[in-house]
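> Chain by chain, the residues:
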Amino acid sequence: MIYFLCLVLLCVGIYGVLRKRNIIRMILGLIIAEHAINLLFVLIGYRLNGRAPILSPDGPILQMVDPLPQALVLTAIVIGLATTALLVALAMRLHGKYGTYDVARIRELKG
Amino acid sequence: MSLIVKTVTRLTAWLILLYGINIILHGHLTPGGGFAGGVIIALSFIHLTLAYGKDAVLRQLSKEAVHVWESVGALAFLAIALFGGAAGYFFANFLPAGEPFNLFSAGSIPLSNIAIGIKVWAGLFSIFLALVLLRINRGDK
Amino acid sequence: MVELYILLILMIIGAVGALEMKDLLSSVVALGAVGLGLSFTFLVLKAPDLAITQLAVEILSVIILIRATLHKDLPEVPARGWSGGTAAGLGFAVVFLGVAFLCIPDLPPFGEPLLKVAGHYLEAGLKETGAANLVTSVILDYRAFDTLGEATVLFTVVMGVLAVMRAVGRKERGKADE
Chain A
1 MIYFLCLVLL CVGIYGVLRK RNIIRMILGL IIAEHAINLL FVLIGYRLNG RAPILSPDGP
61 ILQMVDPLPQ ALVLTAIVIG LATTALLVAL AMRLHGKYGT YDVARIRELK G
Chain E
112 MSLIVKTVTR LTAWLILLYG INIILHGHLT PGGGFAGGVI IALSFIHLTL AYGKDAVLRQ
172 LSKEAVHVWE SVGALAFLAI ALFGGAAGYF FANFLPAGEP FNLFSAGSIP LSNIAIGIKV
232 WAGLFSIFLA LVLLRINRGD K
Chain U
253 MVELYILLIL MIIGAVGALE MKDLLSSVVA LGAVGLGLSF TFLVLKAPDL AITQLAVEIL
313 SVIILIRATL HKDLPEVPAR GWSGGTAAGL GFAVVFLGVA FLCIPDLPPF GEPLLKVAGH
373 YLEAGLKETG AANLVTSVIL DYRAFDTLGE ATVLFTVVMG VLAVMRAVGR KERGKADE
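Protein chains in written order, with the working numbering: chain A, 1 to 111; chain E, 112 to 252; chain U, 253 to 430.
Treat each hint with caution, since some may be false.
[What the hints assert, rightly or not] Using C-beta positions, here's what the derived DEER-type ranges look like: (1) I132(E) x F353(U): 46 to 54 Å; (2) A376(U) x N133(E): 24 to 32 Å; (3) L114(E) x L94(A): 31 to 39 Å; (4) T118(E) x I2(A): 27 to 35 Å; (5) A190(E) x G363(U): 39 to 47 Å; (6) I132(E) x S278(U): 32 to 40 Å.
Derived by calculation from the structure, the hints in this document are not laboratory data. Bear in mind the structure is a predicted one, so any value in this text is a computation, not a measurement. Quick reminder that beta carbons are idealized off the backbone N, C-alpha and C, glycines included.
With the hints as extra help, turn the sequences into a complete structure.
What follows is the structure in structure tokens.
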């Protein structure tokens, strides 16, 4: 059931990418979809009543959560920020050239 | 920015910087690591830039210096990987593992953390500088 | 597990708000709320590394997005009206969620991960790498190639942003000098 809520979040993001006219809003939708996928990875690696995957000198810790999805997502978060920065740079360049963020108007002005 | 913002920035920016360095150096013992620490250090510089304006920061640390630091981080990480290659295979942990739970332990992992931290800090700060320094000149077509 | 549901529902509300609010700046702030909720969710899911990183990254991306929306002469973008396209988008969402609902039972059940590969990391991680933080030992020792690829992506993005954001192209500047 919790997976389902996570996929609802993904759907909201995809809907934003598909149906918005404002470029900034499309970028927001992409970021939301990215958050949902990251969350899905970590949810799959979660163990009920688990502990964080950090050893302590006091003794062995049983019942750790899966560290592998966390490592993959840690990389994906920083890459997501970099992709966002590149998209924002392109959007600002488009705004500098056409004076609007509206996709439909940019298409009209292009010719 | 106003006087309040400048004073608070003067009091907090170096604390944020030290927190980021702490997170990088203890990345193999506590939560954190090169990614988080690098982003936090970049945020402290961005904090200064937003409060005092870009000229005050660029006087201390030029744009070219940031690019050089970024290359240094990337090359250091690659060099660690190649040293590992000399010890057996690419990315082999070539230093002795040492005493667990000490600051100087875990072989080459702290060095990789520092390299990644420098790389992420310089990369994100130069992205921010490029986005802030842009002067949009419209209607030149 | 109640807090997970509450946080997820708050995130969905924030996401819908980010897409549907009229003012662009409010949308960006709503996205910041979604990121904050994600950070808390990571904390609940016992991933403190991810929580720290997500918090810092979200601050930075909100700053960048605000920089993009802070134009004084931002013209109002009219929303698309209720048309066939909107209905198609909603239909896509319904079909996607329906298929996903059928597929979810095939995933490992919530709270019981497979731990096929990670079992080895959990058992031998400290002995083989010497790092107490197992996430760090995975990203910098067992799977360091991932991190190298990430560094490459970051480098490429920095070059791309610098190339895109150059104030005047080299050719145009030459023309302006003439």
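> Run the structure past the numbered hints and jot down the numbers of the failing ones, going up.
4
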